[in-house]
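Protein chains in written order, with our numbering: chain A, 1 to 345; chain B, 1001 to 1168.
Honestly, I wouldn't trust all of these hints.
[Stated by the list, open to error] Simulated crosslink set (EDC-like; lysine to aspartate or glutamate; CA at most 16 angstroms straight-line):
no., chain 1, residue 1, chain 2, residue 2
1, A, Lys163, A, Glu194
2, A, Lys163, A, Glu173
3, B, Lys1139, A, Glu279
4, B, Lys1124, B, Glu1058
5, B, Lys1160, A, Asp16
6, A, Lys163, A, Asp121
No lab work stands behind these hints, which were simulated from the structure alone.
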Amino acid sequence: MRAEPFACTWLDTRQDRTDRVVLTANTDHWNKERGPRLERVVFRNDIPPSEALDLVCDTESEVDILTEISPADAERVQNSEHARLYAIDAMRVILGIINHGVEDAPVGDARTRRALNMAVDRDGLVREGFGGYAYPAAGVTPPYAVGGLSNLEPYPHDPDEAKRLLQEAGWPEGRALRLATLADLEGVANMFAEDLRNSLGIEVDVSVIPNEELLAAQHVLVEKVMPLPFDVLVFAWIDLTSDAPAAFMHGELYGETGPFRAGPPIERFEELMSEFATEVDAGRQGELSAEIDRFVYDEALSVFLVYPQALYAVNRHVNFVGYATTFELAETEVSEEHWSRKNGS
Amino acid sequence: MSSQPMQQATAEAGGRTPVGTLNVVDPHPLNWLYITWNTMEEPVRTDERGHMVGAVMEESRWVDERTIEIIVRRGIRFQDGEECNAHSVKRAFEEMQRWRAPHPPGSNLNIHPETMAEIVDDYKLRINFPELEGLVLGKMRGMHIPSTRFWEEIGFGYKKLGTGEGHW
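Hey, can you work out the whole structure from these sequences and the hints?
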């Protein structure tokens, strides 16, 4: 199906959020076993996250849940008076998108791709970059998803082999690797770059895409007309379900119509995706999704870094139910000690 | 074709009374989608582990290799009191299909433009695909089902922006 995949009408045109978005319980909702259990949810877009962290940890009634907690703040939440830390295994991956179309260096060469993967100390990245709140990545699919291969091991951290492979691929003398990143992944990119320098003995130039240039960068990546200004892009992606990750993860990253494909389509991948996309049996779909992840891993189509957990700071009187693929509050409830019940709000 | 019943979420009569107020700060860029999933009906949703669960869709089965039949759950009402039935699902599908790229996460959630939905009865519809489409149930994560009033007065970007492109 051709649906003009590169017509970027869907790219964000940036609209400001309203200060408060108030959700009121639908008491006539059909799924009463599920919820809603809360009378009202107020999304406070008038509080910056940094301020919200102070409020959820040190006070009550202003902020009950703060999402997207940085691992650097996890300990603070855990030690706070009013909040608890929730760490959810999420359908998220952080990887390096490899630009297979680079012409002046063998970036897309399979030996280079494997070298890049073997240059990474994932255990160190999890420990130092994520405070332990992540898993070392093997392929794209987290092992806790359907089609996740529990027997797929991350590429070993093997600097000697990585350097040998890179030399065999013919990396040009003096050629620096261009590593790009979005602003919120700069820390990860810097750690990744340091691994590459130490393991491969090459220079790595890190460029951070500022938020005001993000839309332009998205157009370049998705439309595939202008040359990409990177060899590897540190990138975070998600899935909307955990049942068939190849549909929304692998397809987006490597497929012919994938917005994040960087380089020419891959014939074998297209064959596998075609079989997967036309399979109507859920069990067989899961098998094919696993096979696709195995292929992507074996070919080292990306640099697989980590599967980060989703971290939340939650008021201690809130019984929070976290989701792997979304943020929904139907099952979440507050105890009798919660400020809103004590005040009769 | 084999039946493909979705995991059931049973509705029990006489549920609990919602209590309490929660203040949330969610800086995630998909906050707009999370709010939609917290407030709108949809054919399928996911459980805490991310596995697809039937919502408005009580059950589905492939009638033949290009036709899926959807059984709509009875007893669902929108917040404005209108009943949610097969006509609601068909309307949502057809509204979505009007646009080249309705979904902000990208056009890989698109369903073939020549796909047709037909009503069988008030709680059953069939969707006919021009080519094999094994990913349709996952794609329905992006198909929201609001009431008629929503379509007529607001729409996904219709009133505010004059377009539904990228605003589903």
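Taking 16 angstroms as the top limit, are the C-alpha atoms of Lys1124(B) and Glu1058(B) close enough? holds (10 angstroms)
Are the Cα positions of Lys163(A) and Glu173(A) separated by 16 angstroms at most? holds (13 angstroms)
Would you check the hint for Lys1160(B) and Asp16(A), treating anything up to 16 angstroms between C-alpha atoms as holding? holds (13 angstroms)
For the pair we were handed, Lys1139(B) and Glu279(A), check the Cα-Cα distance against 16 angstroms. Holds. Lys1139(B) to Glu279(A) sits at ~14 angstroms (cutoff 16 angstroms).
Are the Cα atoms of Lys163(A) and Glu194(A) separated by 16 angstroms or less? Measuring from Cα to Cα gives roughly 14 angstroms; hence the hint holds.
Hinted pair, alpha-carbon criterion (16 angstroms max): Lys163(A), Asp121(A). Please report holds or violated. holds (14 angstroms)
Violated hints are absent here; each numbered hint is respected by the structure.
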